[in-house]
Amino acid sequence: MIEIQNLTKFYGQIVGVKNISFTVEKGEVLGFLGPNGSGKTTTMNIITGYMPSTEGTVKVCGYDIMEEPAEVKKRIGYLPEQPPLYMDMTVTDYLNFVAELKKVNKKVKKSQLDDIMELVKITHVRKRLIRNLSKGYKQRVGLAQALIGNPEVLVLDEPTVGLDPKQIIEIRNLIKALGKEHTIILSSHILTEVSAVCERVVIIHKGEIAAIDTPENLSKNFRNMSKMSITISGPKSSVINLIKQIYGIKYVEAQTEKEKDVVTYIVECDKDLDVRKPIFFAMAKAGYPILELKSVGMSLEDIFLQVVTEEKEVN
Amino acid sequence: MRAIFWKEVKSYFYSPIAYVLIGMFILISSIMFWPNLISAYGEFNGNLSSMGYILVFIVPILTMRILAEDRKNGTEVLLLTSPVKLSEIVIGKYLAALFVFMVMVLISFVYPIILVIFGAAITPQLVGGYVGFILLGASFIAVGVFSSSVTENQIIAAILGFVFLLIIWIADGIGSMVGGITAKILYWFSLLSRYEDFNKGILRLNAVIYYLSFIAVFLFITIMVIERRRWSKG
Numbered sequence: 001m002i003e004i005q006n007l008t009k010f011y012g013q014i015v016g017v018k019n020i021s022f023t024v025e026k027g028e029v030l031g032f033l034g035p036n037g038s039g040k041t042t043t044m045n046i047i048t049g050y051m052p053s054t055e056g057t058v059k060v061c062g063y064d065i066m067e068e069p070a071e072v073k074k075r076i077g078y079l080p081e082q083p084p085l086y087m088d089m090t091v092t093d094y095l096n097f098v099a100e101l102k103k104v105n106k107k108v109k110k111s112q113l114d115d116i117m118e119l120v121k122i123t124h125v126r127k128r129l130i131r132n133l134s135k136g137y138k139q140r141v142g143l144a145q146a147l148i149g150n151p152e153v154l155v156l157d158e159p160t161v162g163l164d165p166k167q168i169i170e171i172r173n174l175i176k177a178l179g180k181e182h183t184i185i186l187s188s189h190i191l192t193e194v195s196a197v198c199e200r201v202v203i204i205h206k207g208e209i210a211a212i213d214t215p216e217n218l219s220k221n222f223r224n225m226s227k228m229s230i231t232i233s234g235p236k237s238s239v240i241n242l243i244k245q246i247y248g249i250k251y252v253e254a255q256t257e258k259e260k261d262v263v264t265y266i267v268e269c270d271k272d273l274d275v276r277k278p279i280f281f282a283m284a285k286a287g288y289p290i291l292e293l294k295s296v297g298m299s300l301e302d303i304f305l306q307v308v309t310e311e312k313e314v315n
Numbered sequence: 001m002r003a004i005f006w007k008e009v010k011s012y013f014y015s016p017i018a019y020v021l022i023g024m025f026i027l028i029s030s031i032m033f034w035p036n037l038i039s040a041y042g043e044f045n046g047n048l049s050s051m052g053y054i055l056v057f058i059v060p061i062l063t064m065r066i067l068a069e070d071r072k073n074g075t076e077v078l079l080l081t082s083p084v085k086l087s088e089i090v091i092g093k094y095l096a097a098l099f100v101f102m103v104m105v106l107i108s109f110v111y112p113i114i115l116v117i118f119g120a121a122i123t124p125q126l127v128g129g130y131v132g133f134i135l136l137g138a139s140f141i142a143v144g145v146f147s148s149s150v151t152e153n154q155i156i157a158a159i160l161g162f163v164f165l166l167i168i169w170i171a172d173g174i175g176s177m178v179g180g181i182t183a184k185i186l187y188w189f190s191l192l193s194r195y196e197d198f199n200k201g202i203l204r205l206n207a208v209i210y211y212l213s214f215i216a217v218f219l220f221i222t223i224m225v226i227e228r229r230r231w232s233k234g
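As you go down the protein sequences, you meet chains B and D in turn. The first sequence runs 1 to 315 under the working numbering. The second sequence runs 1 to 234 under the working numbering.
No lab work stands behind these hints: they were computed from the structure. Certain hints may be false.
What the simulated footprint calls covered on chain B by chain D, stretch by stretch (three residues with Cβ under 8 Å from a Cβ of chain D suffice, anywhere in the stretch; the number is not a length) [unchecked claim]:
id, stretch
1, 72 to 82
2, 95 to 102
Chain B side only, calculated, beta carbon under 7 Å to chain D, not exhaustive [claimed, not checked]:
id, residue
3, THR48
4, TYR50
5, MET51
6, PRO52
7, GLY56
DSBU-like mimics (lysine-lysine), calculated; alpha carbons at most 35 Å apart, straight line [stated by the list, open to error]:
id, chain 1, residue 1, chain 2, residue 2
8, D, LYS10, B, LYS127
9, D, LYS72, B, LYS59
10, B, LYS107, D, LYS72
11, D, LYS200, B, LYS176
12, B, LYS135, D, LYS85
13, D, LYS10, B, LYS138
14, D, LYS184, B, LYS107
15, B, LYS127, D, LYS184
16, B, LYS26, D, LYS10
17, B, LYS110, D, LYS72
18, B, LYS106, D, LYS85
19, B, LYS166, B, LYS127
20, B, LYS135, D, LYS10
21, B, LYS103, D, LYS184
22, D, LYS10, B, LYS121
23, B, LYS106, D, LYS72
24, D, LYS72, B, LYS109
25, B, LYS166, D, LYS72
26, D, LYS184, B, LYS121
27, D, LYS200, B, LYS74
28, B, LYS138, D, LYS85
29, B, LYS127, D, LYS85
30, D, LYS10, B, LYS110
31, D, LYS72, B, LYS121
32, D, LYS10, B, LYS106
33, D, LYS85, B, LYS110
34, D, LYS72, B, LYS176
35, B, LYS18, D, LYS85
36, D, LYS85, B, LYS206
37, B, LYS18, D, LYS72
38, B, LYS59, D, LYS85
39, D, LYS85, B, LYS74
40, D, LYS72, B, LYS135
Cβ coordinates follow ideal geometry from the N, Cα and C atoms, glycine included.
Using the sequences and the hints given, assemble the complete structure.
What follows is the structure in C-alpha cells.
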C-alpha cells in the first residue's frame, strides 16, 4: 500500500531524515514512534506530498508522490500535528470547503459529510465557529477533514496530543475502528497509545529507523531486565541488605519513605527469573511485611534509551 | 480552484475587511468627487487617476492575508496536500481579491452615472479610463498577492506590497528626473504610462496584453516562491 525507500531529507546542512525504508500493508495500522524532533513529522509531510524529499521514493497505492502527486493526494487523508482549521468558519462550512477541495462528488457530498460528522461525534457543534470549539473538538474536526473523500490511507500526526484522558480513549477507539477499513500511519511519542492501536511500530531516532516490530516484540526484546516496585514496612538498610542477598537481583534502589519505615524500592532482576517468592519469604522470615508488589512496565523512554544505547555498543 | 475562490470571497465578506476597505474607498473617492458636484465639472478621468492612487494604499491591505495567513495558521498543509494544483490555489485566491476590487469598481460607477444624469456625455475617455483603472487594479492585486507569499507576517506583507506599489507609482517620475536610457526602460515597464493612455481614451491592445502579462508574471513568481519554500522548508 505504502512503500518508502531510502527516504532522505536535508534541511540545508541539517539532516531531517536519513535513509528511511519501510512498507505498510493494506489495512495495517502502523505506529511511528520517536521523541520530538526525530523526523516523524518530516516523514509524514513527505508521504503526504506537503514537501518533497531530497532523495528516495514514496509510493502510495502504486503511485509515486513526485510523479503523480494528484493521484497520491486523492488517496491520503492527512491530519497534521496542528489541525489545519480555518478559525472563522463554521464546522459545516469548513468541511464543505474541504470536500470541494478534495473534489468529492456533489451527489454524495452531503451524506458523506453527515456520516463523518456522526462518526467523529461533531454533529451537534456543526453550526458553531471553529474558533469557539474546545481543543478536543478542534482535533475531531481535523480528523473529520482527513476522512473526507474516503481516502484509503490515513496519516495522523500525534492525533491525541493535548487531549484529556477521556478524549484520548475516544479518539483511540475511533482510530481502531477506522483501522478496519483504512491503512493508517500514526505518530506518537507514547508507547501505550501505540500498543493500544497499532499492529506494527517503527521507532525513529535522529532521522533514522532504530527498530521495526510489533509492540509486543519490542517490549519483550528490549526487556532484558524485569523491574518491580515493592513497598515494604521495615528499616531501610536491613531491607536493602536482605534483598541484595537474593539470587538474581541486579539492582535495588530505595525511593521515598512514605511513613516511618515504609519505603518503596525499585528492584531489577534478570528477566527469566521470578524473584517474587524469594523476596516474600525473605521478608516474612525477617518480619517485614510487604505492603505492595507490582511489576513496572517498560516505557517508551526505557525502550528507546535501550535502542539507542545498544546501537552505540554495536558501533 | 472554484472552492478556493468562493472560500476566500466568503472570508472577505464574513469578516470586516471587505466592508472596511470598500467603505474607505468610497469615502475617499467621494471626497474627491465633491468638487465635480459643486463646480458642475463633468469630466471624470481626473478622478480615476486619483482613485488609482487610493489603490496603492488599499490593495496591500486587501491582499496581505491571502497567502500569509494560511502559512501562519498551518492551513497551508491542507491546501498543499489536497489534490488541487498550486497554480489553481494561487489563481483562485487572486481572483477572490479581484472580486472584492470589482465590487469597489461597480460601486464607483455611481459617480459617472450622476454626472451623466446631470448632462455629461459618456465619452471614449471615460470608458477607456475605466478599462485602464480595472487593469491597473488587477495588476496591483497581483503585486499584493506576491507580497503575501514571501512572508507569514501579514503586516510585513502589507508594508512590502505598499512599498512595491509606491515604487511602481513613482517610477515614471524617477525616470523623467534621471533621464536617458533609464527613463526609457522605466517608461517601457511603467504601468502608469499605459494607464494614462487609457485615460486619454486610447485603447491599445498591446497595453492590455502588457497588463495581463504583468499579472501572469507576478502570479508565476508567487507560485515559484511557494514551490521553492516547499523544497527548502526548514
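Hint check results:
1. Coverage of the stretch 72 to 82 of chain B by chain D holds. Counting CB-CB distances below 8 Å, 6 residues qualify, and the rule asks for three or more.
2. Remark: the stretch 95 to 102 of chain B is confirmed as covered by chain D, as 5 of its residues place a Cβ nearer than 8 Å to a Cβ of that chain, reaching the required three.
3. This hint holds: THR48 (chain B) has a C-beta 5 Å from the nearest C-beta of chain D, less than the 7 Å allowed.
4. A least Cβ separation of about 5 Å between TYR50 (chain B) and chain D falls short of the 7 Å threshold, and the interface hint therefore holds.
5. With 7 Å as the threshold, the beta carbon of MET51 (chain B) comes within range of chain D, its nearest partner Cβ sitting at about 5 Å, so the hint holds.
6. Using the Cβ-Cβ criterion of 7 Å, the hint placing PRO52 (chain B) at the interface with chain D is satisfied: the shortest such distance is roughly 6 Å.
7. Using the Cβ-Cβ criterion of 7 Å, the hint placing GLY56 (chain B) at the interface with chain D is not satisfied: the shortest such distance is roughly 15 Å.
8. Taken as a hint, the LYS10 (chain D) and LYS127 (chain B) pair is honoured in the structure, with Cα atoms around 16 Å apart against an allowance of 35 Å.
9. Taken as a hint, the LYS72 (chain D) and LYS59 (chain B) pair is honoured in the structure, with Cα atoms around 29 Å apart against an allowance of 35 Å.
10. Taking the CA atoms of LYS107 (chain B) and LYS72 (chain D), the gap is about 34 Å. The hint holds against a cut of 35 Å.
11. Among the hinted pairs, LYS200 (chain D) with LYS176 (chain B) is inconsistent with the structure: their alpha-carbon atoms are about 70 Å apart, more than 35 Å.
12. Straight-line distance between C-alpha atoms of LYS135 (chain B) and LYS85 (chain D) comes to about 31 Å, which keeps the hinted pair within the 35 Å bound.
13. About 21 Å separates the Cα atoms of LYS10 (chain D) and LYS138 (chain B), which keeps this hinted pair within 35 Å; it holds.
14. Proximity of LYS184 (chain D) to LYS107 (chain B) is assessed by CA-CA distance (about 58 Å); at most 35 Å being required, the pair is judged violated.
15. Between LYS127 (chain B) and LYS184 (chain D) the CA atoms are separated by roughly 58 Å; this puts the pair beyond 35 Å, and the hint is violated.
16. Restraint check for LYS26 (chain B) and LYS10 (chain D): the C-alpha separation of about 39 Å exceeds 35 Å, so the hint is violated.
17. Only pairs whose Cα atoms come within 35 Å are accepted, and LYS110 (chain B) paired with LYS72 (chain D) is accepted, the gap being roughly 30 Å.
18. Taking the CA atoms of LYS106 (chain B) and LYS85 (chain D), the gap is near 20 Å; set against the 35 Å cutoff, the hint holds.
19. For the hint linking LYS166 (chain B) to LYS127 (chain B), the alpha-carbon distance of about 24 Å falls within 35 Å, and the restraint holds.
20. Taken as a hint, the LYS135 (chain B) and LYS10 (chain D) pair is honoured in the structure, with Cα atoms around 25 Å apart against an allowance of 35 Å.
21. The straight-line distance between the Cα atoms of LYS103 (chain B) and LYS184 (chain D) is roughly 49 Å, outside the 35 Å bound, and the hint therefore fails.
22. Using a Cα cut-off of 35 Å, the hinted pair LYS10 (chain D) and LYS121 (chain B) holds, with the two alpha carbons roughly 26 Å apart.
23. For the proposed pair LYS106 (chain B) and LYS72 (chain D), the alpha carbon gap of about 31 Å is at most 35 Å, so the pair holds.
24. Distance check on the hinted pair: LYS72 (chain D) and LYS109 (chain B) sit about 29 Å apart at the alpha-carbon level, within 35 Å; holds.
25. The hinted pair formed by LYS166 (chain B) and LYS72 (chain D) meets the criterion: a straight-line CA distance of about 30 Å does not exceed 35 Å.
26. Under the criterion of a C-alpha separation no larger than 35 Å, the hint pairing LYS184 (chain D) with LYS121 (chain B) is inconsistent with the structure, at around 65 Å.
27. Under the criterion of a C-alpha separation no larger than 35 Å, the hint pairing LYS200 (chain D) with LYS74 (chain B) is inconsistent with the structure, at around 52 Å.
28. Restraint check for LYS138 (chain B) and LYS85 (chain D): the C-alpha separation of about 26 Å stays at or below 35 Å, so the hint holds.
29. A threshold of 35 Å between alpha carbons decides the hint, and for LYS127 (chain B) with LYS85 (chain D) the separation of about 30 Å falls inside it, so the pair holds.
30. Among the hinted pairs, LYS10 (chain D) with LYS110 (chain B) is consistent with the structure: their alpha-carbon atoms are about 20 Å apart, no more than 35 Å.
31. Of the pairs offered as hints, the one joining LYS72 (chain D) and LYS121 (chain B) holds, with about 28 Å between alpha carbons and a cut-off of 35 Å not exceeded.
32. This hinted pair checks out: LYS10 (chain D) and LYS106 (chain B) have alpha carbons roughly 20 Å apart, not beyond 35 Å.
33. Between LYS85 (chain D) and LYS110 (chain B), the direct Cα distance comes to roughly 24 Å. Compliance with the 35 Å bound is thereby established for this hinted pair.
34. As the CA atoms of LYS72 (chain D) and LYS176 (chain B) are separated by approximately 32 Å, the hinted pair is consistent with the 35 Å bound.
35. At roughly 28 Å between alpha-carbon atoms, LYS18 (chain B) and LYS85 (chain D) fall within 35 Å of each other, so this suggested pair holds.
36. The suggested pairing of LYS85 (chain D) with LYS206 (chain B) holds, with an alpha-carbon distance near 33 Å, which does not exceed 35 Å.
37. A threshold of 35 Å between alpha carbons decides the hint, and for LYS18 (chain B) with LYS72 (chain D) the separation of about 28 Å falls inside it, so the pair holds.
38. Pair hint LYS59 (chain B) plus LYS85 (chain D) holds up; C-alpha atoms about 19 Å apart against a cutoff of 35 Å.
39. For a cut-off of 35 Å, the pair hint linking LYS85 (chain D) to LYS74 (chain B) stands: about 12 Å separates their Cα positions.
40. Note on LYS72 (chain D) and LYS135 (chain B): the hinted pairing holds, with a Cα-Cα distance of about 18 Å set against a maximum of 35 Å.
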